[in-house]
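A.B. asks: Protein chains in written order, with the numbering used here: chain C, 1 to 381; chain G, 1001 to 1329; chain D, 2001 to 2086.
Hint data in this document are derived by calculation from the structure and do not stem from the laboratory.
Just so you know, not all the hints are guaranteed correct.
Selected chain G positions facing chain C (in silico; Cβ < 10 Å) [as the list claims (entries may be wrong)]:
(1) LEU1003
(2) LEU1153
(3) GLU1271
(4) LEU1275
(5) PRO1324
(6) LEU1325
Yeah, the Cβ is synthetic: ideal placement off N, Cα and C, and Gly gets one too.
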Amino acid sequence: MKYVDEFRNPQLARRLIDQIRSTVSQPWVLMDVCGGQTHSLLRNGIEAALNDCIELVHGPGCPVCVTSTEAIDFAQALARRPGFMLASFGDMLRVPGSRASLLDVRAWHGQQNDDSTCDQVGHVQIVYSPLDAVELARQNPTTQIVFFGVGFETTVPSTALAILHAEKLGLTNFSVLASHVRVLPAMEALMLNPETRVQGFLAAGHVCTITGFEAYRCFAERFQVPVVVAGFEPLDLLQAILVAVEQLEHGLTTVSNCYARSVRMTGNTRALETVERVYEVADKSWRGFGVISGGGYQIRETYRSFDAEKRFGSYRDLPITAPDMCMGADVLSGRIKPPQCSFFGKQCTTDHPLGAPMVSSEGACAAYMRYQTRDSAASVS
Amino acid sequence: MLLAHGEGGRLMRQLLRERIVPILGISAEEDAVSVEIGANELAITTDSFVVSPLFFPGGNIGSLAVYGTVNDLSVAGADPICITLSLIIEEGLPFELFDRVLKSIAEASQECQVSVVAGDTKVVPRGAADKLFITTTGVGRYRAAARLSCHKLQTGDALIVSGPIGQHGIAVLAAREKLNLHPAPHSDSANLSLVCSALHRELGTHLRAMRDATRGGVSAVLHEWSSASGMTMKLDEHQLPVGSTTRGVCELLGLDPLYVANEGTFVAAVEPSALPQAMAVLRSFPVSAKSQVIGTVLTKMSSPVVIERLLGSLQPVDEPSGAPLPRIC
Amino acid sequence: MCLGIPGRVQSWLDRDPLFARANIEFDGVACQCHMACVPEAKVGDYVIVHAGVAICLIDEMEARRIFAELERLDLLDERLESDGLA
Chain C
1 MKYVDEFRNP QLARRLIDQI RSTVSQPWVL MDVCGGQTHS LLRNGIEAAL NDCIELVHGP
61 GCPVCVTSTE AIDFAQALAR RPGFMLASFG DMLRVPGSRA SLLDVRAWHG QQNDDSTCDQ
121 VGHVQIVYSP LDAVELARQN PTTQIVFFGV GFETTVPSTA LAILHAEKLG LTNFSVLASH
181 VRVLPAMEAL MLNPETRVQG FLAAGHVCTI TGFEAYRCFA ERFQVPVVVA GFEPLDLLQA
241 ILVAVEQLEH GLTTVSNCYA RSVRMTGNTR ALETVERVYE VADKSWRGFG VISGGGYQIR
301 ETYRSFDAEK RFGSYRDLPI TAPDMCMGAD VLSGRIKPPQ CSFFGKQCTT DHPLGAPMVS
361 SEGACAAYMR YQTRDSAASV S
Chain G
1001 MLLAHGEGGR LMRQLLRERI VPILGISAEE DAVSVEIGAN ELAITTDSFV VSPLFFPGGN
1061 IGSLAVYGTV NDLSVAGADP ICITLSLIIE EGLPFELFDR VLKSIAEASQ ECQVSVVAGD
1121 TKVVPRGAAD KLFITTTGVG RYRAAARLSC HKLQTGDALI VSGPIGQHGI AVLAAREKLN
1181 LHPAPHSDSA NLSLVCSALH RELGTHLRAM RDATRGGVSA VLHEWSSASG MTMKLDEHQL
1241 PVGSTTRGVC ELLGLDPLYV ANEGTFVAAV EPSALPQAMA VLRSFPVSAK SQVIGTVLTK
1301 MSSPVVIERL LGSLQPVDEP SGAPLPRIC
Chain D
2001 MCLGIPGRVQ SWLDRDPLFA RANIEFDGVA CQCHMACVPE AKVGDYVIVH AGVAICLIDE
2061 MEARRIFAEL ERLDLLDERL ESDGLA
């Protein structure tokens, strides 16, 4: 596969690892912002190959993990309404809400539940694209199709496009439960925390294809940290790490782009215009983090007829749920690594997750459960 | 009960271990078991087929039922003799579809040289079943060669897969979700009895075990083998045969072919000295022409199944915990 | 949330600015993707696809740059070695 296979070349990867090792004079703490990067670092053994010379901590870039419990509960309530169907990315199905996951809601007949709103089996349909959900609405004119719009800036253009399609097609049975989040405000919140140990960032490559990286210049200057835009393949990540540690070694705090084949400085202006038409920046509640100022998007008033919250009642009306036992916020802010959590691998496993970072395919805890080399000591010839 | 309890992974094994095995007092380790009737010993297997849609590129529920049953006997070391067929039909199923499925069953059983010796038909109200469910029982005769068992695995044994992995699961997913892929991915659904029989006869005791990698894919087979044998199964990522269509779809939907179902692909464990002979036999059959050595049996480590990836580090391969869902992160 | 996969534009299906679609090929398989965000893509170009939507064009020249840099590192190493400095 072009642009994939050549960036997984093991000889060149080793070459870059050697180069990083010979550059580093102290154990710098770098944060990879996106969960996809976390998985690639662990899956390909990069974290293990470098963990004695630099520290990689894993950031908040997992929208599934940070989608608020209330939003998930509200999505479940909508899925259970007669005449409704919730369309969702497969990623969200196993994530626990306050009591259940969407997968449970699809299976349960409700006898286990105490309140009467739960006596319906939920209609949940997995879609690969928000545009597929528009197609569902077109094919099922008597069903209200609600798309669970989660995701970072990368995904927002696709749900904005879905709303514009639905508008043009004159659909009245399509809406979006918009739970989109923005990366940069979360990075700022993280750096404003006095406990933070992060000294440099690997910025999320696919987010930057949309947003560009101009905004990171102020960030790098304000917090005196290097920011390196990074892709997801092993060579992309290793090159970005190398550039970040070179900057740190030389006392530089600039923005570099190590994913230039996909990322331009100004991003994708057409995608940004599409987003701008449909959405506006808003404060957003992040799971485990609380409300982050400017941390997400909401649908503009002009498109309120496609806003599931405005049409079908806000989840802010739902009862307040008990706080998570999950220490996900500590993990996603880089304060601890997953194995340092007292529940990790014990009460909390991929089959019985206490929190979203363990269940999401992109979550840092799930990555450690899946890829951590418990046998690394027993090297095999 | 969740869907995942039937999807060949951790939850299904838990269901077997905690409920089915203790209540019924049975063993649940092989695809077929031996039953003594007088002086004769027969291999028996049973299976249900619930695929949606009924027809998909490369097969349909009818051929799948015959091949699946025959394959379960074949990998367990038996040559199939006959099968029984039980049909549960949802009212409203068009006769035309029904006929096509039955014709496909007739063709497949002829190809596998098994006869359908008994059957049953039930029609249930609309919604009580999804169009058509098929349950089979297969009866086979054990081959004269040494018995196969995953308990016979030894350190150093080579692990072989008989062809590109993940094709069936991807074909059915693409057909069910109407993914509009070109070319449409094809299922690997096929009769494995000839190649299994030849491999078994040629290798004798050098062939330890075979298992068709259905639900849960290759990963599920290796986890079952590890828990039965107490050994660790080690894979080499670069050796895994994945077709370019499967690869493309898996990258696109974020799926791992190791966990995707196959219906005409099996895993074999072979004594290392017999490896060249095994590969020669496998490559002489079209159904296994693309077979590949994918790993080795190791003494027990803390992870039951490990994989060697890019930089040579070993990583655990998780047991599947439900059918993989398409994802975007 | 960022599973983005590079694919090659095989053929255009719809040029409407809002409903733009093209067949995109990923290894051995092609599927229809939405092109509203990269209408400038030509047949043969590579794009990154996320959730069924092409989100950017891939720049071939930039993609080659990392390999050129690695080559330069290797040449430098060889020279140091031949000078007996490594």
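A.B. asks: Run every hint past the structure and note whether it holds.
C.D. replies: Hint-by-hint comparison with the structure:
1. The criterion of a C-beta within 10 Å of any C-beta in chain C is met by LEU1003/G, whose closest approach is roughly 7 Å, and the hint holds.
2. At its closest, the beta carbon of LEU1153/G sits 17 Å from a beta carbon of chain C; the interface hint therefore is violated under the 10 Å criterion.
3. Proximity of GLU1271/G to chain C is violated relative to the hint, the smallest CB-CB distance being about 19 Å (cut-off 10 Å).
4. For LEU1275/G, the interface hint is violated, since its Cβ never comes within 10 Å of a Cβ in chain C; the closest pair sits about 18 Å apart.
5. Among the interface hints, the one on PRO1324/G holds; its C-beta lies about 8 Å from the nearest C-beta in chain C, closer than the 10 Å criterion.
6. A distance limit of 10 Å between C-beta atoms decides the matter here; for LEU1325/G the minimum to chain C is near 3 Å, and the interface restraint holds.
Comparing the model with each numbered hint stated earlier shows that hints 2, 3, 4 do not hold.
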